[in-house]
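Number of protein chains: 2
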Amino acid sequence: MQCKKNFRDVFYVSDGTAITSETLGHAVLGQFPIEIAQITLPFVETEERAIYVKSLINQKHVSTGQKPLVFFSIVIPEVKAIIEQGNGYFYDVLNCLVAPLKRDLGLAPSPQLHRSHSIEKDAASYQNRIAAVEYTLAHDDGMSLNNLEQADIILLGVSRCGKTPTSLYLAMQFGIRAVNYPFIEDDMASLKLPKEIEPFRFKAFGLTINTDRLMAIRHERYVNSEYCSQKQCEKELNRVESLFRREAIPYLNTTTLSVEEISTRLLELSGLKRVMC
Amino acid sequence: MQCKKNFRDVFYVSDGTAITSETLGHAVLGQFPIEIAQITLPFVETEERAIYVKSLINQKHVSTGQKPLVFFSIVIPEVKAIIEQGNGYFYDVLNCLVAPLKRDLGLAPSPQLHRSHSIEKDAASYQNRIAAVEYTLAHDDGMSLNNLEQADIILLGVSRCGKTPTSLYLAMQFGIRAVNYPFIEDDMASLKLPKEIEPFRFKAFGLTINTDRLMAIRHERYVNSEYCSQKQCEKELNRVESLFRREAIPYLNTTTLSVEEISTRLLELSGLKRVMC
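Here the protein sequences line up with chains A and B, keeping their order. Just so we're aligned, residue 2 is where the first sequence starts under my numbering, counting upward by one. Just so we're aligned, residue 2 is where the second sequence starts under my numbering, counting upward by one.
Hints in this document: simulated from the structure, not taken from any laboratory. A hint or two may mislead.
For chains that are exact copies, the list does not tell them apart, and a pair is met inside one copy or across any two.
DSS-like cross-link-like pairs, simulated, lysine-lysine; straight-line CA separation at most 25 Å [claimed, not checked]:
{"hint": "1", "residue 1": "Lys193", "residue 2": "Lys232"}
{"hint": "2", "residue 1": "Lys68", "residue 2": "Lys103"}
{"hint": "3", "residue 1": "Lys55", "residue 2": "Lys68"}
{"hint": "4", "residue 1": "Lys81", "residue 2": "Lys103"}
{"hint": "5", "residue 1": "Lys103", "residue 2": "Lys55"}
{"hint": "6", "residue 1": "Lys68", "residue 2": "Lys81"}
{"hint": "7", "residue 1": "Lys236", "residue 2": "Lys193"}
{"hint": "8", "residue 1": "Lys204", "residue 2": "Lys193"}
All chains should be modelled from the sequences, with the hints used to inform the complete structure.
This is the structure we're talking about:
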């Protein structure tokens with residue numbers, strides 16, 4: 002039975018993907034000292050489904066003795082009304098911004114189903130994002146250094162410093178075509194920029210990481226190998242950071258950063274524009 | 002000069018990645034009949050940077066004659082105060098939910114810098130997401146059918162029906178380990194589930210797409226080849242859909258859906274849990 006103090010059940014309910022409700026609810030709940038269990042219910046577009054959602058909310062209320070928190074975004078008034086009859090606390094995630102925007106713009110809103118994350122809203126920008134994911138996949142981990150004229154950014158760094166997840170996040174979230182190239186052991190003796198990258202060096206961006214963190218990450222894959230030794234990690238990091246400085250390539254230490262934070266900082270530092278869809 | 006009617010400059014300003022401000026601002030603006038130009042300013046944590054942000058807002062006001070819309074999330078009161086002095090319309094994206102939550106929970110909020118999208122908030126769940134991206138990459142496009150016991154979902158379908166971007170989105174956004182396997186021309190004569198997938202068929206999920214859309218997508222890559230002919234696309238789709246029905250594998254038509262929508266529906270239909278970070 003979930004009846005600890007400061008424990009709450011949380012529902013994210015939407016007539017779309019519920020990604021906006023999740024993002025916002027998650028961010029605002031992070032400010033409160035509570036533990037949560039989360040349930041996401043997307044595509045709630047019919048009264049039938051709304052009745053089901055209401056029953057889930059009421060079940061949680063009965064089983065825990067506490068009203069669940071419900072972050073929602075529902076356009077159809079009848080569907081919304083059914084859900085709000087449940088025994089929960091309800092937070093309309095968009096509505097509290099709609100009224101002030103209406104006033105400031107002097108325009109009436111016209112709420113539509115599937116507002117966010119829909120392919121139809123902006124087909125060109127959606128296709129661009131998918132093309133960016135394909136380009137980025139084809140240029141992951143030094144796999145190809147062709148067509149660099151199409152790249153938006155070229156990430157450089159030692160193996161396992163965060164290049165691949167960052168590249169994919171940049172592509173998926175922002176429609177950025179990202180190439181990533183690892184400097185490996187064989188490169189270390191006389192480290193230099195690959196000749197294919199030279200003409201596009203203005204797109205190059207370095208990632209680095211602290212030795213301890215790199216050792217830990219490498220250790221997860223290759224226990225006790227030379228590859229994850231302190232000596233090896235330190236050597237690679239020193240040489241690659243020297244290269245970045247020598248070649249005046251801007252670089253970022255990823256040790257304490259998430260892919261979201263790395264990506265956002267890269268965009269900021271490189272002046273690349275985000276494409277949102 | 003940007004002085005069209007119903008055109009607005011929009012700023013997303015945050016002391017973190019600004020992803021929450023972007024997501025919410027984007028969603029709410031979608032309800033209004035306006036055209037927008039967007040500028041994102043993350044990591045606004047100092048008074049110095051706030052003064053810079055204020056100057057950008059004021060510049061836009063002067064050059065367009067219209068106050069820009071500013072969606073923001075800033076914790077430090079002094080930083081926030083400087084920005085709000087700018088000539089814009091200001092929308093605090095989290096604040097309008099904080100007050101009702103405070104009332105309903107009977108708890109005081111403790112706003113913190115870098116609330117969302119931070120590696121430190123939940124390191125285990127973050128590491129899980131990154132591991133899911135790695136697993137998914139290693140199992141993209143039929144590359145490997147090893148370690149399927151670790152898979153959360155196995156996507157099946159013809160080439161170019163949306164498996165790869167969906168797999169990566171599931172991994173990146175929700176920490177789902179996704180395998181994807183394409184049925185190719187050679188499989189078509191006697192189509193069946195690969196023997197490696199058989200023991201894990203309960204994880205299998207089919208993607209399909211309308212013939213016209215598949216032809217268009219394939220055509221972008223391989224102009225006028227047999228591969229993108231109506232006859233070939235129809236044949237592949239018919240056989241693969243027959244397989245899904247014969248083997249009782251649930252499937253989804255992706256024709257009009259974005260990766261966000263496909264992923265959300267898959268989670269919904271398969272009962273997989275999202276991992277958020």
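Can you tell me if Lys236 and Lys193 fall within 25 Å by alpha carbon in one copy, between copies, both or neither? Close inside one copy (15 Å), not across copies (51 Å); limit 25 Å.
If the cutoff is 25 Å on CA atoms, where do Lys204 and Lys193 land: within, between, both or neither? Let me know, please. For Lys204 and Lys193, only the intra-copy Cα distance (16 Å) is at most 25 Å; the inter-copy one is 46 Å.
Could you place Lys68 and Lys103 in one of the four classes (within, between, both, neither) given a Cα distance threshold of 25 Å? For Lys68 and Lys103, the Cα distance is within 25 Å only across copies (14 Å; inside one copy 32 Å).
Classify it for me, Lys55 with Lys68: is the Cα-Cα distance of at most 25 Å met within a copy, between copies, both or neither? For Lys55 and Lys68, the Cα distance is within 25 Å only inside one copy (12 Å; across copies 41 Å).
Between Lys103 and Lys55, at a C-alpha cutoff of 25 Å, which is it: within one copy, between copies, both, or neither? between (30 Å within a copy, 23 Å between copies)
Go through the copies and call it for Lys68 and Lys81: within, between, both or neither, with a Cα cutoff of 25 Å. within (18 Å within a copy, 33 Å between copies)
Homo-oligomer pair classification [Lys232, Lys193; C-alpha up to 25 Å]: within (21 Å within a copy, 51 Å between copies)
When Cα atoms must be at most 25 Å apart, do Lys81 and Lys103 count as within-copy, between-copy, both, or neither? both (21 Å within a copy, 23 Å between copies)
Violated hints for the displayed structure: none, as all numbered hints are satisfied.
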